[in-house]
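Protein chains: 4
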Amino acid sequence: MKNTLGTSVCVTLFGESHGAKIGAVLDGLAPGIPVDESLIARQLELRRPAGSISTARREQDAFEIVSGVFEGKTTGTPLAILIPNADTRSGDYRRGALRPGHADYTAHVKYHGFEDYRGGGHFSGRITAALTAAGAVAVGALRAKGIRIGTHILRCAGIGDAPFTDPDTQIDLLNDKIFAVLDETKGAEMRAAVEAAAKAGDSVGGVLETMVTGLPAGVGEPWFDTLESMLAHGLFAIPAVKGVEFGDGFALADRKGSEANDAFALRDGKTVTKTNHNGGINGGISNGMPLCFRCAVKPTPSIALPQDSVNAEGTREETLTLTGRHDPAIVHRARVVADSVTALVLCDALALRYGTDWLRAEVSE
Amino acid sequence: MKNTLGTSVCVTLFGESHGAKIGAVLDGLAPGIPVDESLIARQLELRRPAGSISTARREQDAFEIVSGVFEGKTTGTPLAILIPNADTRSGDYRRGALRPGHADYTAHVKYHGFEDYRGGGHFSGRITAALTAAGAVAVGALRAKGIRIGTHILRCAGIGDAPFTDPDTQIDLLNDKIFAVLDETKGAEMRAAVEAAAKAGDSVGGVLETMVTGLPAGVGEPWFDTLESMLAHGLFAIPAVKGVEFGDGFALADRKGSEANDAFALRDGKTVTKTNHNGGINGGISNGMPLCFRCAVKPTPSIALPQDSVNAEGTREETLTLTGRHDPAIVHRARVVADSVTALVLCDALALRYGTDWLRAEVSE
Amino acid sequence: MKNTLGTSVCVTLFGESHGAKIGAVLDGLAPGIPVDESLIARQLELRRPAGSISTARREQDAFEIVSGVFEGKTTGTPLAILIPNADTRSGDYRRGALRPGHADYTAHVKYHGFEDYRGGGHFSGRITAALTAAGAVAVGALRAKGIRIGTHILRCAGIGDAPFTDPDTQIDLLNDKIFAVLDETKGAEMRAAVEAAAKAGDSVGGVLETMVTGLPAGVGEPWFDTLESMLAHGLFAIPAVKGVEFGDGFALADRKGSEANDAFALRDGKTVTKTNHNGGINGGISNGMPLCFRCAVKPTPSIALPQDSVNAEGTREETLTLTGRHDPAIVHRARVVADSVTALVLCDALALRYGTDWLRAEVSE
Amino acid sequence: MKNTLGTSVCVTLFGESHGAKIGAVLDGLAPGIPVDESLIARQLELRRPAGSISTARREQDAFEIVSGVFEGKTTGTPLAILIPNADTRSGDYRRGALRPGHADYTAHVKYHGFEDYRGGGHFSGRITAALTAAGAVAVGALRAKGIRIGTHILRCAGIGDAPFTDPDTQIDLLNDKIFAVLDETKGAEMRAAVEAAAKAGDSVGGVLETMVTGLPAGVGEPWFDTLESMLAHGLFAIPAVKGVEFGDGFALADRKGSEANDAFALRDGKTVTKTNHNGGINGGISNGMPLCFRCAVKPTPSIALPQDSVNAEGTREETLTLTGRHDPAIVHRARVVADSVTALVLCDALALRYGTDWLRAEVSE
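Protein chains in written order, with our numbering: chain A, 59 to 423; chain B, 59 to 423; chain C, 59 to 423; chain D, 59 to 423.
Worth flagging that the hints you see were computed from the coordinates, not collected in a lab.
Hints may be right or wrong, so weigh each one.
A pair holds if it fits inside one copy or across any two, identical chains being indistinguishable in the list.
[As the list claims (entries may be wrong)] In silico EDC-like links for lysine to aspartate or glutamate, alpha-carbon gap of 16 Å or less:
1. K79 to D230
2. K332 to E376
3. K328 to E375
4. K131 to D94
5. K131 to D226
6. K235 to D366
7. K131 to E95
8. K332 to E375
9. K328 to E371
10. K79 to D145
11. K79 to E122
12. K131 to E253
13. K131 to E371
14. K314 to E253
15. K244 to D224
16. K328 to E376
17. K332 to D224
18. K131 to D415
19. K332 to D366
20. K314 to D224
21. K131 to E103
22. K235 to E103
23. K244 to E95
24. K328 to D366
25. K314 to D260
Let's have the full structure, built from the sequences with the hints guiding it.
Here it is, written out as structure tokens:
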């Protein structure tokens, strides 16, 4: 089940950049969960290109839920969301030289030339609109259970944002922002750097940092469905993500055990850890502390600068100069995609642990 | 299928640190693959504790293959490997205070106190012996098809090894070493640092870097079973791994697109990339260049220094002082586990792509 | 993955009887397979209600392929087919007394009253239109490889059809018929019996018998993905199917081993069996003989006769008298659904065995 | 995951008829379930050959649980059971002519001659001992929740047993019997017929009928994981099972809707059906009535009479005369295997529906 993520709650994606419609099927979610179309619209808005630091392609993302919702609530059967592709300009794309950093070459090898190459086809970041729409339903379901997800742009174009200091409050603030930073001054610097790169015909990358609060302890499996494994599985499917780390991640490699362990304490009769170097996961299982992880997002491969390349048939070296509309950065748009994947994976893990009704039930376990 | 990894070729693990036996079931491998017991023994030796930088627990790892091999070759039906636990000293373990950085707390929440807590039970790194034994069969199968895997200790205790310069040659050298470094001088420094940490009652972490050569282009799926997703799923199940990155990984976040894209060229009529910043994967699919990724391994959580903790019942704060035998570092032992997971995931991905006979067939596609 | 069938080639269904659209996502099919829209239309026609022996509901089944097909061929990425629901009359349905033999009660328990109850919602036979459309693509792919599927109405309303005598020829004949019988005289008797039942406000059931020719030997697994297991898994999801048997099935129970075994012989240098009591499967694996199985289809539960029932809340016994449009028999319509499930399962089994390119390749193994 | 059954609770089988050990790994079961070794021993005894109507091969089935049980209860982590093969006489088996009705030919095609052919290898009914041992743990877990499973030999050698009249009482009686019939007179006739067949060098088949009481309503999925689909998937993996039907099954095909529907009524404030033609399942989901299904078991393919055959290489027709020890009937031994599969599938379906703790919890939902 290649284009499907999840076991008990799962999502299936379909569509191409220049096809008629893209879409997602979300299956296994509890019945009776209110589906807030304005939240879906808002999440899609967070993903849409914004001003001078994004592609000029404009999609209304006029989604349509064609199944799985009845009288405003989930039915418990598959929820399908369709999004038409309106503003396609296929003329901008011809099967030309392979675009470095893209899937053109690997798609050509895997699909023997039958792939829809226009705009990257099924590999296009466009497909993340469907993932975001489905994810929004999961985000809403988790919020109703007190589980909240927030992501900020920890780094962009080499500029660092302020760290999380008060996740519970900051998650709400971030979810209101198109360009999700904790320090707006740093955010302005990042945007300026993106614009500068765009002017130079180049692009920039960044790092996303996600926090989840309210997740119960005891979710995940020792081998092989650790919570890290399940989350990383979904996160690495986001285009341009090339690294995922939990807690202090790679920084832990240079630490001593005494600096990496999270000592236990009792707070209001509850077992907590004094620090959170492990990002809320021990032995693959949530420990009740905030979940914390980071995704490395490589710079958008579509750049205006000329690049050395080869034709698809592999018979001729060519210089590629891309035209068309492209993003000089996607890290700010990928933010809501990371939230979506996180929400979908957590809904799955929670349903596996507590059963398919848990997300609906009034009271948490 | 929580303790199972894979779809077409898959491995299931069982056992506890202080149980009678641990083991693995490897299913779906092609028939007719020679099973080299000396390679299994050798891989287990690479995983076993070594001298003063490892736990004093000594296991012979006298594995027994009880099914799936007939006249020295795989039958194509499930191959089960058992490894008895010989040198257990359960007296060293009592259900005491929760060990920080371990799964004691999360296991207690998830399993309600019914978990076998002795030596970490099913969460113990001991289980990786079974994973390594199964992985050795996969490693051997891939080698016969010209696909070779090698991992070195890129960092340990803050000391860096030399980078890969000639993977094809270096992979063989690494696979002969108990402490897998490319620069032996650096390796000596690392071992000294581990010993120093051990003397101080502390532990250290590190980073593993893995290279795979000979993998055909076209393996992996766009959503959600990208090759990165499949590999990360397995790698994050290795105890202590808290980060995984492909190609230049997190370093890509600070790059320009023009510095991150891998330009295409023709070499001997074959499409290649001039650089390998993307680690051999584009759009989730292998591109025929060497696969390259890194795993962050946190310092061993078992340290001799006193630590703040809480009892399992969550009723009392306690100071924990660990006795028993422990590893001041596991990064060098985790190396062969990373190779094993890599081999198992690749066998699965190849079988899904080319069918279940591919690993056996004389000629590659 | 509850509403998904398959591992390497898989189909996901969504939609409700009275929702905006129903649909299917078909994933994992090889690239380069010609998609014949007229075959899809034809298969949908075979499923559509026919004259006086079917419901008066008329759907044009104007399907739309929104992804996965490019220039008339599969791309290898997910193929999504949408079918709008046009002729819905929701007014005919209110949440009244539970309909015996339907899923009203079980849906109400499982989904706590949040299910879309109109026309059976997601449980409606209407959803099989999407399954048939997706199945048609699989049917076409298999035909191109010489694997042909045909089903006849072995029994209906207690009247038996003639048996298969020459499957290769008869499969083509059957696939041209709306009411698929081998003996037209018997078919006329069946239709008369269905009409008589309809007039009496009642309904009838039947048995479908399916033959598959051209399937290679060696497909299926010993435990637990036997070919029988995989096929039965799909077939039992067809509404109203309450029994599945392979080869001589239940009749084997009363036989001697000497009467049930299929003796081997050589024919043109090929190992064949002289009889086919085992329906082309030994030990869960295809043996190269025609695959043969039967599905018991219960009479349509929607009948006009008054029935004893209970309201959904379980507070009051009521007499139920159904209005609305209903089928006095569905066995003739279920025929193409059985073919569709068979084709989808076989595509999956073949892709797992021979790789994802096999269905595309010019030459068979 | 070919040799694995289940999603949340799953079982993996390994071993060959003449290998060192066979075994099963049972994963996903709730922690804290008492594991009664005497129940496992008893279930294995029910599967073992009995007197003159079974093979002369005698295995003690001295099982060993090597993981997943701690202080007499499940830990929640994988439970591995090993059973040594003691009484093997490999000399009785050589790779001779293909045995009709067995998997010799299909295994040879699938595994290219690398299969362990001795005694059927991995295809041997011997493997069901491991399945029965794992199933016994599931049977025990369900009993503690008030869910009870019983199977009788509905037919054997053409002789019919009495029908179930009072399942709750009769299930207990059946579970005490080696030869599980409700009418002992009929049972004696069956055994005599088996002995007569054995003397004639032949074998007989039969039908098993299973009842499950106490299963809650609301378990199963509409598409494609219907409860029928999940159960049939497992049941068709039992060697020799060639048909599965639920409720009145194939008999429903000749009924009117008015004779097949189960009218609803209120009994003690609970919604029940007055009849149970649908076997406790509507729309793929349990309805709270007893689950009822039947399995057709073909006659044992191993018979002493000479049979037409072919050598494995497919170069020569031969007459096969089997020596060795064989069962003239297996339907009585397959009974406990059907119970085991049923228990495992139900544990899985329940864990998916209500979460992984449900089987442990004191109170049912």
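Here's how the hints hold up against the structure:
no., hint, in the structure
1, K79 to D230, "neither (32 Å within a copy, 35 Å between copies)"
2, K332 to E376, "between (57 Å within a copy, 14 Å between copies)"
3, K328 to E375, "between (64 Å within a copy, 11 Å between copies)"
4, K131 to D94, "within (9 Å within a copy, 38 Å between copies)"
5, K131 to D226, "neither (27 Å within a copy, 40 Å between copies)"
6, K235 to D366, "neither (38 Å within a copy, 39 Å between copies)"
7, K131 to E95, "within (11 Å within a copy, 35 Å between copies)"
8, K332 to E375, "between (57 Å within a copy, 12 Å between copies)"
9, K328 to E371, "between (62 Å within a copy, 10 Å between copies)"
10, K79 to D145, "within (12 Å within a copy, 23 Å between copies)"
11, K79 to E122, "both (11 Å within a copy, 10 Å between copies)"
12, K131 to E253, "neither (42 Å within a copy, 41 Å between copies)"
13, K131 to E371, "neither (50 Å within a copy, 19 Å between copies)"
14, K314 to E253, "between (41 Å within a copy, 13 Å between copies)"
15, K244 to D224, "neither (18 Å within a copy, 41 Å between copies)"
16, K328 to E376, "between (64 Å within a copy, 14 Å between copies)"
17, K332 to D224, "within (15 Å within a copy, 45 Å between copies)"
18, K131 to D415, "within (14 Å within a copy, 27 Å between copies)"
19, K332 to D366, "between (52 Å within a copy, 9 Å between copies)"
20, K314 to D224, "neither (27 Å within a copy, 32 Å between copies)"
21, K131 to E103, "neither (22 Å within a copy, 34 Å between copies)"
22, K235 to E103, "within (10 Å within a copy, 51 Å between copies)"
23, K244 to E95, "neither (32 Å within a copy, 54 Å between copies)"
24, K328 to D366, "between (59 Å within a copy, 15 Å between copies)"
25, K314 to D260, "between (40 Å within a copy, 6 Å between copies)"
Checked against the numbered hints given earlier, this structure breaks hints 1, 5, 6, 12, 13, 15, 20, 21, 23; the rest are met.
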